[in-house]
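> If you read the sequences in order, they're chains V and X.
Quick note on numbering: the first sequence equals residues 12 to 230 in my numbering.
Quick note on numbering: the second sequence equals residues 12 to 230 in my numbering.
Think of the hints as simulated: they come from the structure by calculation, not from any bench.
Careful, some of the hints might be misleading.
[Unchecked claim] Derived lysine-lysine pairs resembling DSS-like cross-links, with alpha carbons at most 25 Å apart:
{"id": "1", "chain 1": "X", "residue 1": "Lys87", "chain 2": "V", "residue 2": "Lys157"}
{"id": "2", "chain 1": "V", "residue 1": "Lys172", "chain 2": "X", "residue 2": "Lys154"}
{"id": "3", "chain 1": "X", "residue 1": "Lys154", "chain 2": "V", "residue 2": "Lys216"}
{"id": "4", "chain 1": "V", "residue 1": "Lys47", "chain 2": "X", "residue 2": "Lys172"}
{"id": "5", "chain 1": "X", "residue 1": "Lys216", "chain 2": "V", "residue 2": "Lys216"}
Protein chains: 2
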Amino acid sequence: MNSERKISSAVINRLPRYYRYLGDLLESDITRISSKELSTKMNITASQIRQDLNNFGGFGQQGYGYNVEYLYNEIKKILGLDRVYNLIVVGGGNIGQALVNYTNFEKRGFVITAVFDVNPRLIGMTIRGVEVYDVDKMEEFVKNNKVDVAILTLPRSQASKVANDLASWGVKGMWNFSHVDLAMPDDVIVENVHLTDSLMTLLYKINEVEMEENANNEN
Amino acid sequence: MNSERKISSAVINRLPRYYRYLGDLLESDITRISSKELSTKMNITASQIRQDLNNFGGFGQQGYGYNVEYLYNEIKKILGLDRVYNLIVVGGGNIGQALVNYTNFEKRGFVITAVFDVNPRLIGMTIRGVEVYDVDKMEEFVKNNKVDVAILTLPRSQASKVANDLASWGVKGMWNFSHVDLAMPDDVIVENVHLTDSLMTLLYKINEVEMEENANNEN
Numbered sequence: 012m013n014s015e016r017k018i019s020s021a022v023i024n025r026l027p028r029y030y031r032y033l034g035d036l037l038e039s040d041i042t043r044i045s046s047k048e049l050s051t052k053m054n055i056t057a058s059q060i061r062q063d064l065n066n067f068g069g070f071g072q073q074g075y076g077y078n079v080e081y082l083y084n085e086i087k088k089i090l091g092l093d094r095v096y097n098l099i100v101v102g103g104g105n106i107g108q109a110l111v112n113y114t115n116f117e118k119r120g121f122v123i124t125a126v127f128d129v130n131p132r133l134i135g136m137t138i139r140g141v142e143v144y145d146v147d148k149m150e151e152f153v154k155n156n157k158v159d160v161a162i163l164t165l166p167r168s169q170a171s172k173v174a175n176d177l178a179s180w181g182v183k184g185m186w187n188f189s190h191v192d193l194a195m196p197d198d199v200i201v202e203n204v205h206l207t208d209s210l211m212t213l214l215y216k217i218n219e220v221e222m223e224e225n226a227n228n229e230n
Numbered sequence: 012m013n014s015e016r017k018i019s020s021a022v023i024n025r026l027p028r029y030y031r032y033l034g035d036l037l038e039s040d041i042t043r044i045s046s047k048e049l050s051t052k053m054n055i056t057a058s059q060i061r062q063d064l065n066n067f068g069g070f071g072q073q074g075y076g077y078n079v080e081y082l083y084n085e086i087k088k089i090l091g092l093d094r095v096y097n098l099i100v101v102g103g104g105n106i107g108q109a110l111v112n113y114t115n116f117e118k119r120g121f122v123i124t125a126v127f128d129v130n131p132r133l134i135g136m137t138i139r140g141v142e143v144y145d146v147d148k149m150e151e152f153v154k155n156n157k158v159d160v161a162i163l164t165l166p167r168s169q170a171s172k173v174a175n176d177l178a179s180w181g182v183k184g185m186w187n188f189s190h191v192d193l194a195m196p197d198d199v200i201v202e203n204v205h206l207t208d209s210l211m212t213l214l215y216k217i218n219e220v221e222m223e224e225n226a227n228n229e230n
């Protein structure tokens, strides 16, 4: 990441999409692409693409298009993805296990190094090579190994205490799947994935549309 | 749901939290609670709670507090959760299976009735009693069974086509875990859970904080 670049948050929010599409092109051994082709694939205008990518010095060349690998790597650096991140999973239940089994993370440099749980049936198991440890070993592990992000997939009754402990041991990022709102120090970032809330919002909106349709039919 | 009520979206967004906390109280056999006690639990002011809940006619009684069960059921109705929703999972991989195994959904009336996949090793299996069908059977299933929401946890190369098919068969809600942006008709609601984007955002913010701290240390 280059602190001298001033990039708007709207552009930043689009970068993961560019990164994703460019990664796909790389995997398909496509080495260059025009803004027009990329536009068709991504369903945004070619002019928007040129404008976005000009923010980083305009890597496109007239008559050649974009060098896919170069652009991919530049966006990777801007997003801070040009390094490996170490993650731990706290809570080895369904969602925790699914995330460990999600091989896409590793491809992106997100490496899950350990899982912690209280369940004796899980402790000592390995999930795709990642060991499940007793949660009592977590302090020692965090203090002796770099942990960038803790993925919290544990019951909400325990999530706040565990997050506080992790923050006090120096973990700066909490990816919170536990259904609880965490109060953390300013220098600790929390990103929430509240699945049940997301589903409730979806259902509420479906009902809203249905109600409007019924009201329109009555008029 | 009562279409005569005009409730601000800020209040609506807080309702799943009230619903969650009141559900916990019910499970602990707590029948009434004062706005002050609820305030302490939920970490929002008692006056905010009274204001929010007054939107629905102010169920609290001076000297008694709130009737937990009544309030729980009222919020349930407002959120449209006073009925059962039928969901199907399309894509029986890690995340799909984790969602089927997530027993909390059923408690809330979100019932997963079928899983669809292309993988012959999965087809015919049951996950916690829910059968995995060949994706070829999906059209017939959707046309013969009420399906409120399709949970899309399939590779993004297939997600758009499948979502279009489902919409054309009458499914009005897509809970989209596939890493792709779906273009749907106006009366179909999409709620995205893009896990990788969420993690990238978290990492970007962690780096931002780190950069600021480094810059401050240099000054």
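> Each hint needs a verdict: does it hold in this structure or not?
A quick look at each hint next to the structure:
no.: 1; hint: X:Lys87 x V:Lys157; verdict: violated (44 Å)
no.: 2; hint: V:Lys172 x X:Lys154; verdict: violated (47 Å)
no.: 3; hint: X:Lys154 x V:Lys216; verdict: holds (22 Å)
no.: 4; hint: V:Lys47 x X:Lys172; verdict: holds (23 Å)
no.: 5; hint: X:Lys216 x V:Lys216; verdict: violated (30 Å)
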